[in-house]
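Same order as they appear, the protein sequences are chains A and B. One point on numbering: in our numbering, the residue at position 131 of the first sequence is 151, and numbering is uninterrupted. One point on numbering: in our numbering, the residue at position 200 of the second sequence is 220, and numbering is uninterrupted.
Keep in mind that the hints were calculated from the coordinates and are not lab data.
Because identical chains cannot be distinguished in the list, a pair is counted as satisfied if it fits within a single copy or across any two copies.
Okay, derived cross-link-like pairs now, SDA-like style, lysine to any residue, Cα gap no bigger than 20 Å in a straight line:
hint	residue 1	residue 2
1	K68	S56
2	K102	E37
3	K233	S261
4	K126	S46
5	K68	L36
6	K133	P143
2 protein chains.
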Amino acid sequence: MKTVTNTSSREAPFPLEISQLNAVESVRRVGPLSRSDIAERLSYSRSKITVVVGDLIDTGILEEVGDGTSTGGRRPRFLDFKADFGYVVGVDLGASSLDIAIADFKGHILDRKYMPSDVRDGPDAILALIRNIIIDRLDYLDIPPTKIYGIGIGVPGPVEFSTGLLIAPPIMPGWEAFPIKAFFLETFPSAVVIVDNEVNVMALGELRGGAGKNEENFLFVKIGTGIGCGIVCNGQIYRGSNGCAGDIGHICADQNGTTCHCGNVGCLEAMAAGPAIAGLAAKAALARNSAILAKYLEIRNGELTAEDVGAAASEGDRVANEIIRDSGRMIGEVLASLVNFFNPSLILIGGGVSHIGHQFLASIRRGVLHRSLPLSTRHLRIDTSPMGPDAGVNGAIALALEHVFVAAS
Amino acid sequence: MKTVTNTSSREAPFPLEISQLNAVESVRRVGPLSRSDIAERLSYSRSKITVVVGDLIDTGILEEVGDGTSTGGRRPRFLDFKADFGYVVGVDLGASSLDIAIADFKGHILDRKYMPSDVRDGPDAILALIRNIIIDRLDYLDIPPTKIYGIGIGVPGPVEFSTGLLIAPPIMPGWEAFPIKAFFLETFPSAVVIVDNEVNVMALGELRGGAGKNEENFLFVKIGTGIGCGIVCNGQIYRGSNGCAGDIGHICADQNGTTCHCGNVGCLEAMAAGPAIAGLAAKAALARNSAILAKYLEIRNGELTAEDVGAAASEGDRVANEIIRDSGRMIGEVLASLVNFFNPSLILIGGGVSHIGHQFLASIRRGVLHRSLPLSTRHLRIDTSPMGPDAGVNGAIALALEHVFVAAS
Chain A
21 MKTVTNTSSR EAPFPLEISQ LNAVESVRRV GPLSRSDIAE RLSYSRSKIT VVVGDLIDTG
81 ILEEVGDGTS TGGRRPRFLD FKADFGYVVG VDLGASSLDI AIADFKGHIL DRKYMPSDVR
141 DGPDAILALI RNIIIDRLDY LDIPPTKIYG IGIGVPGPVE FSTGLLIAPP IMPGWEAFPI
201 KAFFLETFPS AVVIVDNEVN VMALGELRGG AGKNEENFLF VKIGTGIGCG IVCNGQIYRG
261 SNGCAGDIGH ICADQNGTTC HCGNVGCLEA MAAGPAIAGL AAKAALARNS AILAKYLEIR
321 NGELTAEDVG AAASEGDRVA NEIIRDSGRM IGEVLASLVN FFNPSLILIG GGVSHIGHQF
381 LASIRRGVLH RSLPLSTRHL RIDTSPMGPD AGVNGAIALA LEHVFVAAS
Chain B
21 MKTVTNTSSR EAPFPLEISQ LNAVESVRRV GPLSRSDIAE RLSYSRSKIT VVVGDLIDTG
81 ILEEVGDGTS TGGRRPRFLD FKADFGYVVG VDLGASSLDI AIADFKGHIL DRKYMPSDVR
141 DGPDAILALI RNIIIDRLDY LDIPPTKIYG IGIGVPGPVE FSTGLLIAPP IMPGWEAFPI
201 KAFFLETFPS AVVIVDNEVN VMALGELRGG AGKNEENFLF VKIGTGIGCG IVCNGQIYRG
261 SNGCAGDIGH ICADQNGTTC HCGNVGCLEA MAAGPAIAGL AAKAALARNS AILAKYLEIR
321 NGELTAEDVG AAASEGDRVA NEIIRDSGRM IGEVLASLVN FFNPSLILIG GGVSHIGHQF
381 LASIRRGVLH RSLPLSTRHL RIDTSPMGPD AGVNGAIALA LEHVFVAAS
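For reference, chain A alone in the conformation it holds in the complex (with noise of 0.2 Å):
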């Protein structure tokens, strides 16, 4: 029997009903509502909405705004959303950066804050550092830690969404099965607390917040250290099984490719992401086939990154746009399988190395319809994620915002 979810645990933020929570979560989504309007989307009789809704004002969770148009009776008043009534905090935790938010129960960023750190340094030291900098924010916003009902996170490694725990993490040394939740309910006590793999939490950004708002079937696809890619499903984010959908990196992108971490040959990580374009362009700069190579090997002290080889390429290397065209080729002809597969009708590209020069995006297209079947490329748009390093933070505001008012499981 399990008995850590994701969602439960906390103590009841505030000792809501069923109902209360569903007409709380319907006004949150939509925006001012009348009376009737909830009672209709929730299919509730008018005397019970009043009761319910009586209920939420008294708490201080709704409150009454303007008039609404009259339809021939009693004008109706609209209820809103208290942005004030409690505070969520989303938590961007990367590879080798943080960033932390503080935001009202509308979303609304009330205070950020990025900063460069090494998740190797392991659960204790890194999550004391967010603990310490929440506080330390909130301190500043004279907001109390029991107003925090919601912390989300998105962490870059595999999640069982069920649990919150991580499993197995490459690059997240001592961070396996880490009681996470349990580690932030101390501290904040009313808080649901929601961990999700970060591109999971990239793909929620953009579909509350960004490209995806419109958008029922879509992908995001981090590209960086690693390459992974956050699924958007019937307007939903799909975890799969176990929870590992999208993890896209150790798919073949080449039969005769290089042999990855994994142990298998050619995995599109190995052979087109981030380490792979760099270590590419250090040989041919040692191979003296590139002098503008040469040249940023030089100033980097031996250790070239995506970014150099972009830089390289805009300055006109031959060499360095050659690679970035060919990552893109291979990363387009995945996503291609992916596309004839999932039939989506929009692909983001996101992460560091997604900002490496238009050839990259330009090369990820062309290896996209090389091999996707016409009818599936008809509608399909692929852009660079509009929203950029924001997705991660933005992502995980939303992932505390839509668990604060769901009964837990």
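We have chain A already, so just place chain B on it with the hints.
This is chain B only, laid out in the frame that chain A set:
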């Protein structure tokens, strides 16, 4: 503006209101329910459900059965669906066969007719044939055509599900955009007519009454002349943005492979489907690499099938076994990409080629395990479809039933 849709444009079969449709659909899906069960499921008030159910009993769709266990007050009476109030037809239209079944409202098959046919004869001939068979069987069963309230049809080509029209079907000349629904409405004016791609229909068959019954996320892979995939996502058939999700036959299986009829190189279908298996075997027979295959080639007058290769393999032919193993491995490796991406809990292998021997399934399994991540295969089962050739017609009946009691959009 679209005017054709996959569900509307029929005469209302029985003038039911939305609340009545909802009540009937609850009982159809779940089985006998008390009035308060239905009320709770639909969040209807006690007085509303009394009226709704009363009307449905008057119409003859629901009937009272047995007595429930009392929980203190009056003993609740259960309401059940009247199986013989109406009937549906399921049609599995294959490339070279027709499978037609008539079922009652509970999905029990009353009559079934299977026959070879050639879809290339075109829609006029084939649809008239289907209609005549249905009329003949209804006559035999003494059921008037107006009692047919739903017709579900699986077809071997891409379907725009919202309209039920075929879009550029490669093996169905003359069927593009043919108004299949309108054709059947002429003879069966009370019916909702739903057309879908055959693999989606097969996946639905397994989802409702087969091995997929308790699975939220699974794949049904049909391997025959082509290779296609039905996707079940969160307990529902997933069709993608253009309705062409699951078109996996043209995913690249071998970058140095043979050229496919689509113009690309190494498509899974060109490398591993029935014709590829038969073609490789014929080549080996002509090159005198296998005496057993040469024997089959002679018996078959120079035209081998995948089934012949399976028979040769079961006679111990090394070359036949190798061909089957290679095909299975390639299918498995492509499925591995989809497993990493979609993380299903089950893959069902169906279609004619799925029965060419244990070696085939074993090779598919090996291919998947070889290239998938451990977390995504931890609970993954890969099996041949236990429903086998019945999946299509069972799914077509389920497709019809699921649309009878749904309000036309």
